[in-house]
Amino acid sequence: MSTTEIAAAPGALPSPAPIPSSARRRVVQIPRSPKILIGLGILVFFVLLAVIGPWVAPYDPTIAGPDLLQGPSAAHLLGTTQSGQDVLSELLVGARSTVFIGFLAGIIATALSIIVGVCAGYFGGLADDLLSMLTNVFLVIPGLPLLIVLAAYLPNNTSSNPVVLALIISITGWAWGGRVLRAQTLSMRRRDYVESARVIGEKRMRIIGAEILPNLTAIVASSFVFTVLYAIGTYVALAFLGVVQPLHWSWGGMLFWAESQNAAQVNAWWWFLPPGICIALLGTSLALLNFGIDEFINPRLRAAGLSRKAARAAGLPRRPKFGMTPVVRRRGLRPVAATIDGGAR
Amino acid sequence: MIHLLRRLGFYVLTAWAAITVNFFIPHLMPGDPVQNLIARQQGKTSPQAVEALRVQLGLVGNQSLWSEYFDYWGKLFHGNLGTSFSFFPATVSSVLSAALPWTLVLVGVSTIVSFIVGTIIGIVVAWRRGSWLDGIMPVATFFQAVPYFFFALLVLIVLGSDLGWFPISGGSDQGLDIGLNGAFIGSALYHGFLPMITIVISSIAGWILGMRNMMVTTMDEDYVLVAQAKGLPNRRVIGYAARNAILPNVSSFSLSLSFVVSGALLTEIVFSYPGIGFQLLGAVQAEDFPLLQGIFLVITFAVLAANLLADVVYAVLDPRTRQEG
Numbered sequence: 002m003s004t005t006e007i008a009a010a011p012g013a014l015p016s017p018a019p020i021p022s023s024a025r026r027r028v029v030q031i032p033r034s035p036k037i038l039i040g041l042g043i044l045v046f047f048v049l050l051a052v053i054g055p056w057v058a059p060y061d062p063t064i065a066g067p068d069l070l071q072g073p074s075a076a077h078l079l080g081t082t083q084s085g086q087d088v089l090s091e092l093l094v095g096a097r098s099t100v101f102i103g104f105l106a107g108i109i110a111t112a113l114s115i116i117v118g119v120c121a122g123y124f125g126g127l128a129d130d131l132l133s134m135l136t137n138v139f140l141v142i143p144g145l146p147l148l149i150v151l152a153a154y155l156p157n158n159t160s161s162n163p164v165v166l167a168l169i170i171s172i173t174g175w176a177w178g179g180r181v182l183r184a185q186t187l188s189m190r191r192r193d194y195v196e197s198a199r200v201i202g203e204k205r206m207r208i209i210g211a212e213i214l215p216n217l218t219a220i221v222a223s224s225f226v227f228t229v230l231y232a233i234g235t236y237v238a239l240a241f242l243g244v245v246q247p248l249h250w251s252w253g254g255m256l257f258w259a260e261s262q263n264a265a266q267v268n269a270w271w272w273f274l275p276p277g278i279c280i281a282l283l284g285t286s287l288a289l290l291n292f293g294i295d296e297f298i299n300p301r302l303r304a305a306g307l308s309r310k311a312a313r314a315a316g317l318p319r320r321p322k323f324g325m326t327p328v329v330r331r332r333g334l335r336p337v338a339a340t341i342d343g344g345a346r
Numbered sequence: 669m670i671h672l673l674r675r676l677g678f679y680v681l682t683a684w685a686a687i688t689v690n691f692f693i694p695h696l697m698p699g700d701p702v703q704n705l706i707a708r709q710q711g712k713t714s715p716q717a718v719e720a721l722r723v724q725l726g727l728v729g730n731q732s733l734w735s736e737y738f739d740y741w742g743k744l745f746h747g748n749l750g751t752s753f754s755f756f757p758a759t760v761s762s763v764l765s766a767a768l769p770w771t772l773v774l775v776g777v778s779t780i781v782s783f784i785v786g787t788i789i790g791i792v793v794a795w796r797r798g799s800w801l802d803g804i805m806p807v808a809t810f811f812q813a814v815p816y817f818f819f820a821l822l823v824l825i826v827l828g829s830d831l832g833w834f835p836i837s838g839g840s841d842q843g844l845d846i847g848l849n850g851a852f853i854g855s856a857l858y859h860g861f862l863p864m865i866t867i868v869i870s871s872i873a874g875w876i877l878g879m880r881n882m883m884v885t886t887m888d889e890d891y892v893l894v895a896q897a898k899g900l901p902n903r904r905v906i907g908y909a910a911r912n913a914i915l916p917n918v919s920s921f922s923l924s925l926s927f928v929v930s931g932a933l934l935t936e937i938v939f940s941y942p943g944i945g946f947q948l949l950g951a952v953q954a955e956d957f958p959l960l961q962g963i964f965l966v967i968t969f970a971v972l973a974a975n976l977l978a979d980v981v982y983a984v985l986d987p988r989t990r991q992e993g
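Residue numbers (our numbering), protein chains in the order written: chain S, 2 to 346; chain C, 669 to 993.
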């Protein structure tokens, strides 16, 4: 759950900046809010870890060493497991599949949500009714139990294939983004610049691709980040349950082994803390990014998050309780000339 | 009324979709599910179980897919979800009906607590934006990103094993009559406390953030300004703003519920709590397909029912939905 969920709620849609040219510039520009910077920093660190992890791992994680259940030492920086495997190596090797599946599922699900959401919002009518219904059905059906049933029936050799896993995770992960994108497209369909493109006789695909999609960038980014967060959480949960082949190293798989071999009961904290903390940090970085993008879309959240000092620096006289939450112009942040129409849409 | 009927229609449709998906998954997977099962278990599958699975999946005889599909519906209306492998010869329905009350109470109570407390915190944080209370936001973000079951593990170790304040497994003390008697309820509360706290803390961040952001937007509305200009006490002004800001939070209830339920299932596993989640783990480990599919259906129905309830609450709170009809 995130704050962008608010955007999904009726009546809370921030109006997009109606100037396509500035929108195009925004694509390149990374807003310099601390949330986005910290989030991006941690994320880049983990992506790097995922790329180089398996190469820099000091041991082969599958090989059982002579030291059983040792605490952290010089030889094993994060200690060893019940069967003598090096925890640090497991962590490094496991980073790849966790990050890879998260991102791949995020990409597939975001593509699906753009197709369904934008088409539903733009075409309207029967297509909209059917696609919205499909979206809502997928939103309500609980994802994890459905995935478990799906994964359980997969043939043995495919159930640990990362691409297959990412595919089935994205089946349950696209609907949320689809709903937000549909609502946003709906509000854009009747804008003047879209209407004029239609009057000129532009093709539908060009209107969607060149006029509407660029203005959805921020929302697509926010929904992508959220979906990656969802996908990682889901993959970890599936691996923790043992639905995914646990020999296929991942952070969730590490927790599966830690749980099934009673790491908690023998107080082997070095075994289950590192993967859990890594998952939490990766998740936090994605959530921070998401909030950063939200504040970018809805500038009032941005001003509301300023500290007293920052507010003074921005030239706001006093913290207002009511009336207006000012739209703050900050270096690197283009103020979005938006009024939030809180009334019913 | 029309609004609620339309929602009801939608839930019926969703239930149909869930049931249909549930029926077709085993039939459309590559390969023969029965052969897959035998291959996985490397000969440990008893011939009875294989036969039971074939009957279950309608793989005996040469029926068409459609007639099997209607048979499946017929069985479903009789409450027949098949026979569990791992609890053979118990039926899936009996296994689930023993586990369901535990989960319903645990998830129900913790979701309501989390919603109410989270919404109140969200109101306060939005009201005092700019003060130290904004520090709650990053903390909430972190807790939101921690997987439920990992947080559950930490709680279990610190409060359960190390400090020994709470029991580390089960739903109540052994040997108590399950029912509405004081000893059982007290014991169940004691056992359920840690799982509940875990679910509340893991899910509360969503409500705080949602409510806070909605409040920030609502407090800019003219009617709030007027209310304050009239000199109404702050408490009433906040009341006006909060009443309007809470609607999206109620409507996002349905979206988050399936997340909370998934998290709660994993929490149950960590605490060995005798609910659906614990059965789910057993079913995964034993490759008990009928039980797995039954669990999926039961959870879906429970989520749909909770959604319908949220819609009723929404209709009560928001007069606009009532006027439509």
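Heads up, some of the hints might be wrong.
Pair ranges (Cβ atoms, derived) [claimed, not checked]: (1) S:I116 to C:R903: 25 to 31 Å; (2) S:I64 to C:F810: 49 to 55 Å; (3) C:V680 to S:I64: 52 to 58 Å; (4) S:R207 to C:A766: 58 to 64 Å; (5) C:L801 to S:I108: 36 to 42 Å; (6) S:D130 to C:G854: 38 to 44 Å.
Listing some non-contacts, in silico: residues in chain S with all C-beta distances to chain C over 10 Å [stated by the list, open to error]: (7) L41; (8) Y123; (9) L145; (10) A211; (11) L230.
Derived by calculation from the structure, the hints in this document are not laboratory data.
Quick reminder that beta carbons are idealized off the backbone N, C-alpha and C, glycines included.
Verification of the supplied hints:
Judged by the Cβ atoms, the range 25 to 31 Å given for I116 (chain S) and R903 (chain C) is violated: they are separated by roughly 48 Å. Between I64 (chain S) and F810 (chain C) the beta carbon distance is about 35 Å. The supplied range of 49 to 55 Å is therefore violated. Checked against the hint of 52 to 58 Å, the pair V680 (chain C) and I64 (chain S) passes, with Cβ atoms roughly 55 Å apart. Hint check: R207 (chain S) to A766 (chain C), Cβ distance near 59 Å, so the stated range 58 to 64 Å holds.
For L801 (chain C) paired with I108 (chain S), a C-beta distance near 37 Å keeps the hint of 36 to 42 Å intact. One distance hint, 38 to 44 Å for the beta-carbon pair D130 (chain S) and G854 (chain C), is violated here, with the actual separation near 52 Å. With a least beta-carbon separation of about 15 Å from chain C, L41 (chain S) lies farther than 10 Å from that chain, consistent with its non-interface assignment. At the 10 Å boundary, the C-beta of Y123 (chain S) stays outside the reach of chain C, the nearest C-beta of that chain being 23 Å off.
Non-interface status of L145 (chain S) relative to chain C is broken: a Cβ of that chain comes within 10 Å, the nearest being about 4 Å off. With a minimum CB-CB distance of about 31 Å to chain C, A211 (chain S) clears the 10 Å threshold, and the non-interface call stands. With a least CB separation of 7 Å from chain C, L230 (chain S) falls inside the 10 Å interface cut-off, contrary to its annotation.
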